[in-house]
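Here the structure of chain A is known, so what remains is to put chain B with the ligand in place on it, guided by the hints.
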Amino acid sequence: MFHRLPVPDGETVSFTIDGTPAEARVGDTVAAALLVNGVPHCRTTPVSGSPRGPYCMMGVCFDCLVTIDGVGNRQACQERVAPGMRVATQMGSRELDR
Amino acid sequence: MTASPMTSQKPADLVVIGAGPAGLAAAALAAGHGIRTLLLDEQPAPGGQIYRGVTRTPIGDPRVLGPDYRRGQDLVAAFESSGAKRVVGASVWSLTRDAEAGLEIGYSVAGAGTLIQAPRVILATGAMERPFPIPGWTLPGVMGAGAAQTLLKTSALVPDGPLVLAGTGPLLWLLAVQYVRAGVSIGAILDTTPRANWRAALPHMAGFVRSSYAIKGLKQLREARSKVRVISQVTGLRALGSDRIEAVAFRRGDGAEERMPAATLLLHQGVIPNPNLASAAGCAQDWNPDQLCWMPRTDVWNASTVDGVWIAGDGAGIGGAIAAEHQGRLAAVAALSAMGVLDGAGQDREAAPIRKALAGATRGRRFLDALYRPADQFRVPEDDTLVCRCEEVTAGQLREAVRLGCTGPNQTKTFLRCGMGPCQGRLCGTTVTELIAAERRVPASEVGHYRLRPPIKPITLAELAAVSKDDIPAVAAER
Ligand code: FES
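Sequences listed follow chains A and B, in order.
For the first sequence, position 12 matches number 12 in the UniProt record's numbering, and the numbering has no gaps at all.
For the second sequence, position 164 matches number 164 in the UniProt record's numbering, and the numbering has no gaps at all.
The hints are simulated quantities; they were obtained by calculation from the structure and are not laboratory data.
Beta carbons: idealized from backbone N, C-alpha and C, even for Gly.
Keep in mind that the hints are not guaranteed to be accurate.
Stated by the list, open to error - Chain B residues, not near chain A, derived (Cβ > 10 Å throughout):
#1 Pro58
#2 Asp74
#3 Thr138
#4 Gly141
#5 Val177
#6 Trp198
#7 Arg210
#8 Gly217
#9 Leu218
#10 Lys219
#11 Thr264
#12 Met339
#13 Thr362
#14 Asp376
#15 Arg399
What the hints assert, rightly or not - Which bits of chain A does chain B cover? Going by a derived footprint, with three or more residues having C-beta under 8 Å, they are:
#16 6 to 12
#17 28 to 40
#18 46 to 52
#19 79 to 92
Only chain B is shown next, with the shape it has when bound in the complex:
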């Protein structure tokens, strides 16, 4: 490893970032066509968040995590036999397009930085849990349900009681079922799904009943409801405690406040695209009023607005794990065509079955989006609730800033340092956009989003100084 100016090298013709379903499928397809393909992933083992730890989970009983989880094993196997290379533990901190050098990716493995040129890039960086700002959500013991599921998949860890799950969306019910099957006792599920959502979802019912979610989802709901106390129409949720959570307060609809003890509160209200790299690379984003989040703008081939960059999977808009796979393949086909490996007719021929499968996989999604649309009060919280966890900025302070003339997320940084902490506004970004839009009474699209700047991960000067121009370290060894 030589300390050197940032010269970079070109280890592959296609670089895929992220080893979830979209990334694994994209890399396998491209490498299968003989393209030199490199997959960069942050985790030590493939699978992304949805199939996290799928090759090495310590959980022996396959019933606990369910058959859908095992689908990830097939994806990993197909990837591993494809000839694609991968670098594990690679934390990507920049993606930039330079007029001369083209696309350049900066990443670190174990504290050593590397800069590579990438003629073409597929971003498959997935989703994150939607922020769930309630009073007390920063107390230790309050976590995302997805976070708790990661602990279950990778380390077989489950919370001691008393345990409360709260929120809405398929993942919340899936986790409840997984806990029930693992013998974990759940004090209660506080269901925050507004009753009015059913009315909004009804017109999309036909698509849903023909989808793969229908039977599976209903079965899960039934199993959870038969074993766990479920309280519906929950509003006014608060986490109480001083140094850590001790209790949960809530109301049923307009009812009086009730309390129950909690050592762990797991929150969930859906997932949103992780804006990280797409935003830092300068890909245009649009507000999606149905999914209530920013989405990178992509065309029918999943191409972003930055030349040579495709975005596939939940990072391009929430469609779930199966849709992500197909999108990954579609993006790979488009990249192959851009490289001249496929001609126009070949591109369409390869894409046809993928498009058909993708249409099947996205059926029912509109129903889910409508049914599990999080309530306004849990997206745009009251004044006393922290919005920016890093800089501890409350909704009230943000509203005050808007009254003083702050018009968008990037200005909140100057007004309040909101979004200036280590997370760069990733966690609070959606909330800040919606809150400012509500306060200004304009559409979210008009308010805009945080601009993320590379490096999108804090990196040390030593890491930068160590940027290597040697061949990528240990690629062969880590495959």
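Isolated chain A (complex conformation):
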């Protein structure tokens, strides 16, 4: 997956991924926070159910959709992780608005 280069101490933030406690660095996008915690996928597709993870990291591809604090279909690459944030992957769900 991804790991962080040794960098000057940054503030960490605690949040959850599918209910499991996780940590990231202040300023990380939710997508970065998932990748550094070893989660390569964000959702499955509504058409074939195949898994998808962040692809463009700039808001173009929409493969990074996750549920954040109960709100579905948020672009993980466009949102910053925040203390206590509840991030849920959209695996196997048909939430994606077709």
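Coordinates of chain B with the ligand only, in the frame set by chain A:
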């Protein structure tokens, strides 16, 4: 914040959208002339993609990201002392011209929608990576090289091994060098540049050797090649795996298929203008046969075909970060003239040094375009490859639709839902145009492009209902 009908207000005389080099330079120049200027940007910090995170990158060692990256700091400083206002985290979902109200921009900050009137607008919305449709490119673990570079700049994240980079173009080599300097091990670089490109690029050599790219680019190439295994003439690239990428398959030219393990595959074959807002605003676009992409039609002042809208930087055609700066300034000078701040002579006087600098910055570009022109097989893929990632439409299905009478991208929506997913065809648009053109044996210009409709970002009803007519929230606080 009041729920209200969509009345809008006019917080600035010039609104610039996008805080990359073009937008920062444009806003700084206009505000320096005393014009009320507002910069809207999606990110929490200025820099755009090229200088992403430049004011707050966690990477301490300046060698890793290189001196070109730090140029962004000067741009940000000039912008910050210019008196221009900015709204960060502003996701713009519409730009429309109304006969009475003039130009209107809709955007959201943290889920709250705002509608503003903008007498004049400079779009500086930049570029995106060209789609790289290969079998398996939707597997988790396959990403754009630009995407991985964003993770490096903003979060100091680098891939665990085994790591493979594949494709062509300056950004691929730049990322390789950045990884090498950061101590990241790269399994291989699979270079897909066709050998024939050298022949096509040669006539443009003279311009290139006098350009700033030459020495820098060659140094990067050498550094990457000395530290990483490079495999050239790569064809038949495929990503293999079930739930995520596990290996990469490829051929050297016509050779037998080879495989190597990969936990991360980073793809890149150049960048193209991000069509978003220009397309939704109704700006005319033309197919550029050299850069193989749609480009908004602009005049020598970077004016689009929509009155009061200028387009500067890579969003108007790929010219790189330095050219983008100068284009931003040129557009700002033209906007100042349209506002009566500069007269005709003043406009030309201000523009002269900018034009000269712009000519210098675009020197060598034709060589790069020719050398790094992506191979046909990676732009117009074989039948089994997914083209539309959102609706999972394959190249074969598209070809079938063309045989059934589908003549252009907008019709693929009815035939196949291709381009109907959340990305609205932004990612697959270029591929779809080229594929239909090839199948119909007509020029891409004849096939046309997707029409994007506002809102260009999915927005919730709540966001629309919350559209504010108050003063823009927290502008002062966020500066
Ligand atoms: S990774 Fe492409 S939209 Fe988020």
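Hint check results:
no. : hint     : verdict
1   : Pro58    : 4 Å, violated
2   : Asp74    : 22 Å, holds
3   : Thr138   : 6 Å, violated
4   : Gly141   : 6 Å, violated
5   : Val177   : 15 Å, holds
6   : Trp198   : 30 Å, holds
7   : Arg210   : 32 Å, holds
8   : Gly217   : 24 Å, holds
9   : Leu218   : 27 Å, holds
10  : Lys219   : 23 Å, holds
11  : Thr264   : 8 Å, violated
12  : Met339   : 31 Å, holds
13  : Thr362   : 24 Å, holds
14  : Asp376   : 23 Å, holds
15  : Arg399   : 19 Å, holds
16  : 6 to 12  : holds (count 3)
17  : 28 to 40 : holds (count 6)
18  : 46 to 52 : holds (count 5)
19  : 79 to 92 : violated (count 1)
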